[in-house]
Amino acid sequence: MNLQYIYTGPDSSLRCFRKAGDQVGDFVNAHLSGLVCACDIPAPNYQFSWAPNPFCKSYYAKQEDILSYIRAVAEQHDLRRYVKTSHKITNASWIPEREVWQVTVTKTDGRDFVVSSPGITDGETSTTFVEECDILINCTGFFNHWKWPNVKDREQFEGRMLHSAAWPKDADKDIKGKTVALIGNGSSGVQILPAILNDVEKIYVHIRSPTWITTNFASKFAGPGGANYDYSEEQKAAWAKDPDAYLQYRRLIEHELNSRFRLYVDHSPEQKAAREYGIQEMANKLGERQDLLQALLPDFAVGCRRPTPGNGYLEALTSPKVEVIWGTVEAFTKKGIRTSSGHETTDVDTIICATGFDLSCSPRFPINGLNGTNLQDLWNENPRSYLSVTAQDMPNYFGFLGPFSPLGHGSLVTSIEMVTKYITDFVTKLQTQNYSYCVPKTHIPAAYQKQALAWLERTVWASDCSSTYKNGTTGGQLNSLHPGSRVHYFELLRTPRWEDFEWKSLCESEDLTFAWLANGFTYRETNPAESPDTTWFINFDEHTKQIERRNVEEDCQSVVNGTTK
0 MNLQYIYTGP DSSLRCFRKA GDQVGDFVNA HLSGLVCACD IPAPNYQFSW APNPFCKSYY
60 AKQEDILSYI RAVAEQHDLR RYVKTSHKIT NASWIPEREV WQVTVTKTDG RDFVVSSPGI
120 TDGETSTTFV EECDILINCT GFFNHWKWPN VKDREQFEGR MLHSAAWPKD ADKDIKGKTV
180 ALIGNGSSGV QILPAILNDV EKIYVHIRSP TWITTNFASK FAGPGGANYD YSEEQKAAWA
240 KDPDAYLQYR RLIEHELNSR FRLYVDHSPE QKAAREYGIQ EMANKLGERQ DLLQALLPDF
300 AVGCRRPTPG NGYLEALTSP KVEVIWGTVE AFTKKGIRTS SGHETTDVDT IICATGFDLS
360 CSPRFPINGL NGTNLQDLWN ENPRSYLSVT AQDMPNYFGF LGPFSPLGHG SLVTSIEMVT
420 KYITDFVTKL QTQNYSYCVP KTHIPAAYQK QALAWLERTV WASDCSSTYK NGTTGGQLNS
480 LHPGSRVHYF ELLRTPRWED FEWKSLCESE DLTFAWLANG FTYRETNPAE SPDTTWFINF
540 DEHTKQIERR NVEEDCQSVV NGTTK
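Quick note on numbering that gives the first Met the number 0: the sequence shown kicks off at 0 and runs consecutively.
Simulated from the structure, these hints should not be mistaken for laboratory data.
Careful, some of the hints might be misleading.
Said to hold, decoys possible - Distance windows between CB atoms, simulated: (1) 219 <-> 271: 17 to 23 Å; (2) 12 <-> 503: 20 to 26 Å; (3) 108 <-> 54: 31 to 37 Å; (4) 208 <-> 242: 43 to 49 Å; (5) 79 <-> 504: 34 to 40 Å; (6) 265 <-> 320: 34 to 40 Å; (7) 133 <-> 380: 25 to 31 Å.
To be verified - Keeping only pairs whose Cα atoms sit at most 30 Å apart, straight-line, the calculated DSS-like set for lysine-lysine is: (8) 219 <-> 271; (9) 320 <-> 201; (10) 320 <-> 333; (11) 271 <-> 449; (12) 146 <-> 83; (13) 56 <-> 172; (14) 201 <-> 219.
Given the structure is predicted, the values throughout are model-derived calculations rather than measurements.
The C-beta atom is built at its ideal place from N, Cα and C for all residues, glycine as well.
With the sequences and hints as input, model every part of the structure.
What follows is the structure in structure tokens.
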């Protein structure tokens, strides 16, 4: 959606394919038991900068509010015209003779959730066609391929088995008054337990490993104890009347999100403080249940796994309705679950698997580029990118949330917006300066990966825990995360390093290298009705930004040289 809004320039066309029947992204499936999931990033910062919404219902937005916002923005800016729903990409190949991408598209049956994974057919029809494009942008992300737990005999269970990422609308009937087993204590599991506790007869909570249960992000501006709260009608009206005040509020929250990054640096004072605070908070919420506290407290650092905001979760664990079962789930049985320690439940009506997603960086379909490279195979073996956006041997290919993205803290919406601007800088250069394609120089992705992995060893993400950042493993490479703060990442995106790319000219002769200078006039001068301003360079704000950028560059250089101003 951000791409649709930002890049609608002249002499270009944009076609977006979405495999599901809805146009609004993965939150369409984020229901949970009559209630809905809430985002752990504050609602004012889960918005595009160009589409502020002062009418947020609550500090942490619920699924229905996020959907309403996205749909309203799409309607307001007429963005749906770019999207073809129920169309799934199954292959993309670069055609070197013509320097275009050929993309194979298969129509799906209109369902709201479609799985994409090698070897899996889901929702596909017999209608297939090929589209061609000059530039291929992969916006699939990774929260779209949920996975059942890797546990045998799933088909043996005689009750109903649900997954938190594909929650059916009729799930309430399988929970109310029932005996339920909940597998997982990640971000979905900790929301599900307090949400369904009042409805169930009994619930078995299966926990494999300890984790930190924290307050939500930017809880400084939340309600008491980091709780969610609703904005008053007076507050919303005031922000609608004064956009600058709302912008300042959003910036305060954003600053709070950014300032937390130092806690992810191992052995930092902020990490020590976070650990002490986490222990105290968990102890307070578990009360007399010291047995639960000792079992839940991890040995690893706060943030090694994505912090799990869980208002109400710890309190729910102490309920007489709840039985906590520790250890690995070994097998499903006809009436329940058997663990590796031999514990077996025999009275379960419904099993809820809050077991997450396949978070590998590899694309969900083959992408064939130069030199016989299939990006799917390459990233299955060794995920590496340049700034998470471009990839080895992939001309005119850009992606969102690839290897080494700023996933560890802050709002992904802001990150996506910054990446979009970065991509459009490339598109503009290709379009206006007579280049047919660009591709990272051969050594660049490998060199960037080496730098990233070396820096990430300094962080708590590298400590000994199983995490989504390592695709569910304990000792895997940290291919998911940017080597630095998200502000650091944004600064890198502001000024593209064109020299890190090979640029293929459209000109057959070197004598025509500057033919793109054309008739000596700019678009502004030849199209005054559309772009009447020919004095854009007299701009105090723009010069101020240039000075700020130069100061940032000088600061970076002083750090490299080991000096300070």
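Results of checking the hints against the structure:
1. 219 <-> 271: 17 to 23 Å: holds, 19 Å
2. 12 <-> 503: 20 to 26 Å: holds, 21 Å
3. 108 <-> 54: 31 to 37 Å: Cβ of residue 108 to Cβ of residue 54: about 36 Å, so the range 31 to 37 Å holds.
4. 208 <-> 242: 43 to 49 Å: At roughly 46 Å between Cβ atoms, residue 242 and residue 208 fall inside 43 to 49 Å, so the hint holds.
5. 79 <-> 504: 34 to 40 Å: Since residue 79 and residue 504 have Cβ atoms about 37 Å apart, the given range 34 to 40 Å holds.
6. 265 <-> 320: 34 to 40 Å: holds, 39 Å
7. 133 <-> 380: 25 to 31 Å: holds, 29 Å
8. 219 <-> 271: holds, 19 Å
9. 320 <-> 201: holds, 5 Å
10. 320 <-> 333: holds, 22 Å
11. 271 <-> 449: holds, 28 Å
12. 146 <-> 83: holds, 26 Å
13. 56 <-> 172: Satisfied, since the Cα-Cα distance of roughly 28 Å is no more than 30 Å.
14. 201 <-> 219: It is violated: about 35 Å lies between the C-alpha atoms, which goes past 30 Å.
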